[in-house]
Amino acid sequence: MDLNYTPRQQAFRQEVRAWLKDNLPAQKLASYDTREGFEQHREWERKLFDARLSMVMWPEELGGRGCDLTEWLIFEEEYYAADAPMRVNQNGQLLLGPTLMEFGTEAQKKRFLPRMAASDDMWAQAWSEPNAGSDMAAISSKAIRDGDHYIINGQKTWSTRAIYADWAFGLFRSDADSKRHHGLSFLMVPLDAEGVTIRPIKALNGKDAFAEIFFDNVRVPVENRIGEEGSGWHVAMATAGFERGLLLRSPARFQQPVRKLIELYKANQASADRDPSIRDAVMEVWAGAEAYALSAYQSVGRLARGEKIGAESSINKIIWSELDLKIHETAMRILGARGELLASAPQNEDDHGWLEGFLFAQAGPIYAGANEIQRNIIAERMLGLPKA
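Taking full-length UniProt numbering, I'd label the letters of the sequence shown as residues 1 to 388.
Think of the hints as simulated: they come from the structure by calculation, not from any bench. Heads up, some of the hints might be wrong.
[As the list claims (entries may be wrong)] In silico EDC-like pairs for lysine to aspartate or glutamate, Cα to Cα no more than 20 Å straight-line: (1) K202 to E356; (2) K326 to E340; (3) K142 to E223; (4) K21 to E36; (5) K202 to E212; (6) K207 to E36; (7) K109 to D120; (8) K260 to E322; (9) K260 to D83; (10) K202 to E39; (11) K260 to D273; (12) K142 to D216; (13) K266 to E284; (14) K260 to E212; (15) K47 to E77; (16) K47 to E61; (17) K142 to D177; (18) K387 to E372; (19) K21 to E43; (20) K21 to E77; (21) K110 to E61; (22) K47 to D83; (23) K266 to D280; (24) K28 to D83; (25) K326 to E284; (26) K260 to E284.
The whole structure should be built from the sequences, with the hints applied where relevant.
Right, here's the structure in full:
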């Protein structure tokens with residue numbers, strides 16, 4: 001693969017870098033797991049959209065810029081290098097958006113995608129249920145057809161930022177007598193619909209990052225279904241592939257904290273070098289982040305040739321989730337007891353949010369499909385091993 005950039009790609013990089021330099025918020029935005037921070041991030045997303053930088057790889061007529069995936073990787077590299085705000089509408093833009101591109105009707109694309117790119121509509125996932133976490137085939141929430149509507153009853157849980165979102169997307173059992181992967185339909189549900197109740201769930205950091213959603217005879221138009229009735233499992237597996245693969249976690253998201261980790265190590269080298277394994281860990285995560293970046297460019301090259309990324313997305317998911325854990329565990333080892341101080345502690349110096357990142361990283365091996373499940377997928381579908 002030729003890793004040299006074309007003049008167009010170099011010009012795009014310079015444009016993004018200059019725009020970010022001129023437009024980054026003067027003050028760090030509040031956490032998007034708070035109402036104040038959520039709205040601040042929504043405003044930032046609108047600013048990106050107005051500059052045609054929100055969803056650079058989407059078609060222009062749908063709110064994008066028409067970039068290819070290499071240019072998207074360039075955008076991500078510049079975005080994270082600038083320490084720009086975290087993207088608050090990832091569930092919609094990076095998961096549902098590509099799903100609509102592949103399976104949605106033209107009417108659905110025109111209705112939802114431009115508003116999604118502008119973050120006029122904010123999206124939450126409605127996947128997991130109390131008895132169906134990593135095993136999504138065990139979903140029991142029902143969506144029973146009633147003319148040109150579905151009547152939804154059931155409960156979803158661990159829905160990220162659902163207490164602030166406008167819409168949710170997820171799987172519902174449209175055939176009450178079906179089992180496992182069959183009889184499921186993929187629906188988009190307005191969260192202000194009559195019969196929807198949302199209750200927050202606090203994360204490890206004490207913020208309302210998650211929610212459980214209850215559906216009590218909620219009427220949803222059939223036109224909000226993506227794909228054919230009963231084909232929801234096929235659609236959802238494509239969405240999960242986007243989540244585990246490139247789109248949700250670009251390499252730049254890990255290269256930037258690794259750069260900060262190296263700075264942290266250098267600033268504390270005298271104490272850190274008392275344990276030689278810390279230096280080894282810093283080098284290991286640097287190598288891991290760079291290897292993940294090269295792997296991403298390889299995947300982009302394959303997609304550009306018309307190939308598809310299948311079960312390999314499970315490898316990606318394991319790599320980025322465990323790399324994130326290692327980065328933050330190493331930072332906490334360097335900081336020692338100081339790393340346990342909350343951001344509000346007077347004695348806490350600017351630690352670049354290492355404790356917050358450490359707490360969030362614990363969820364990485366669980367969300368987007370538990371890593372144990374991903375290893376089973378790799379064993380069965382890539383290595384041809386018998387089912388466990």
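Check: Honestly, which of those hints from before does the structure not fit?
Finding: 4 and 14
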